[in-house]
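Chains as they are written, first to last, in this note's numbering: chain A, 1 to 187; chain B, 1 to 187.
Hints are computed from structural coordinates only; laboratory data are not their basis. Wrong hints could be hidden among the right ones.
[Unchecked claim] Pairwise CB distance ranges, derived in the manner of DEER restraints:
1. B:A165 to A:R52: 26 to 32 Å
2. B:T62 to A:D24: 49 to 55 Å
3. B:G50 to A:A113: 35 to 41 Å
4. A:E112 to B:D153: 55 to 61 Å
[To be verified] Capping the alpha-carbon separation at 25 Å, the derived lysine to any residue pairs in SDA-like fashion look like this:
5. B:K182 to A:T115
6. B:K154 to A:T115
7. A:K182 to B:N175
Every residue, glycine too, gets a C-beta built ideally from N, C-alpha and C.
Residue-level listing of the chains:
Number of protein chains: 2
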Amino acid sequence: MNSSHPNGVNVDQLHATIHAVKDDPALAQFEFRAHTEWRSGAHVQTYVQGFRGVKQEDQSRTQPFVLEGDEPPVLLGSNQGPNAVELVLAGLTACLSVGIAYNAAARGITIEAMTLDVTGDIDLHGFLGLSDTVRAGCHDIAIACHIKSPASDKDIADLLDHVQATSPVTDIVRNPTPVHLKFVRDA
Amino acid sequence: MNSSHPNGVNVDQLHATIHAVKDDPALAQFEFRAHTEWRSGAHVQTYVQGFRGVKQEDQSRTQPFVLEGDEPPVLLGSNQGPNAVELVLAGLTACLSVGIAYNAAARGITIEAMTLDVTGDIDLHGFLGLSDTVRAGCHDIAIACHIKSPASDKDIADLLDHVQATSPVTDIVRNPTPVHLKFVRDA
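Chain A on its own, in the form it takes in the complex (with noise of 0.2 Å):
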C-alpha cells in the first residue's frame, strides 16, 4: 500500500478537486457519452471516448472503448457480448466499486481486496409485449460486497452508507431518470 495513495487513490488530487469545485461550481458539470452502431439482429457495437467536464473537453483518451453487445442464443441472439441489462449491472458495481475506494481512502480506511456480486431479476412478459402490468425492467437488483479490511464493523456499514448516498449509477437506477428519444432519419 503506497501511503499517499491508499486503496491506489491520491487523496491529495481528491482534496484538490473537491476544493477546487467549492470555488467553481461549474467545474463539477460533466456530459458523459456513448456511440452504438447497430449490426444486425441484437448485435450492437459502443464506441465511448470523449466527455466534457471540468469546463473543457477531454482529450486523454487517444482512441475508444468499444463495448460489444448482444444476447444469448435462448433470446435470438450470437453471443458476442454481454447484454444490456448485465451492463447496466456492471455498471452499478463499478460505480459502487469507485465510490468504495474513494470514501475509504478519503476516511483512511483501507480496503485490502474488494469484489461485488450483482443479480438482477426481471420478468420478459415487460419485453415481450406481453403484459401491460408486469415492468420491463428489474423488479430487484441484490448485490453482496465482499469486503476485506481492518475497519470496524460500524466504520464500514457508515461508508457503504455513504457511497449508496453519492454513488451516480445507483441514483440512477434506484430514482426516475428523464429520458430523452428523438428520432432522426437518415437517407
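Once you have looked at the hints, place chain B on chain A.
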C-alpha cells in the same frame, strides 16, 4: 436481407418464444448477473457469463465477457476502461437497439442502418459529497436515434413508442428500481 431473418432477427423463433411464454409464464423469469473484482483506485474488471432463464441455468457462454472499468485522469483514474455512467449509457442504447431491431422485424419494418448517440448530464457535487440537494446521478439523458428505413414516419414513431415502453433498461433508468446491498466481510 434474409427474408426469414429480417433485421437479422429470427422472427419464427421470436414468435415461438412468445407462444411458449404464453403457455408457461415461468419461462419468462430471468436472473442476470455480473461479478466485479476491484483492482485498485477506480480500476475494476467485471465478468459476465452465466444467467438463469427459461427455467434453467444457461450454458451457452463457454467463457466470460470481461468488462474493464476505470475513470479518466481528471476523475483520479487511469483510463483503463469506460466509467460506470458510460457503461449504463451503453446499456441503454444497446437495449433500445435490440428492442427496435426485434420489434421492427415482428412488424415487417426493415431497418437498413441504425446508430444511437447518447449523452448523460451529471453534476458531480452529488458524487463528491458536496451537496445534499444535487442528485448523484444524471439529471438528464438524451438519445438521438438515427435510423435508415423505408418505413413511414408514423410507423417509426409507433415503433419507438412501443420499444421505449418495453425496453428493460429504459424502464430501469426511467423508473425506480430497488437495489439491495449486503456487506460480506472477507477474511
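Taking 25 Å as the top limit, are the C-alpha atoms of B:K182 and A:T115 close enough?
-> This hinted pair holds, its Cα atoms lying about 12 Å apart.
Take the C-beta atom of B:T62 and the C-beta atom of A:D24, compute their distance, and say whether it sits inside 49 to 55 Å.
-> With Cβ atoms ~51 Å apart, the hint holds.
Within a Cα-Cα threshold of 25 Å, do A:K182 and B:N175 meet the stated pairing?
-> holds (19 Å)
Status of the given 35 to 41 Å range, CB of A:A113 versus CB of B:G50 | This hint is violated: roughly 22 Å between Cβ atoms.
Consistency of beta-carbon spacing, A:R52 to B:A165, with hint 26 to 32 Å | Since the Cβ atoms of B:A165 and A:R52 sit about 31 Å apart, the hinted range of 26 to 32 Å holds.
Using the Cβ atoms, figure out if A:E112 sits within 55 to 61 Å of B:D153.
-> holds (58 Å)
Given the hinted pair B:K154 and A:T115, is their alpha-carbon gap at most 25 Å?
-> The given pair, whose Cα atoms are some 48 Å apart, is violated under the 25 Å limit.
In this structure, the earlier hints numbered 3 and 6 are contradicted, and the remaining ones agree with it.
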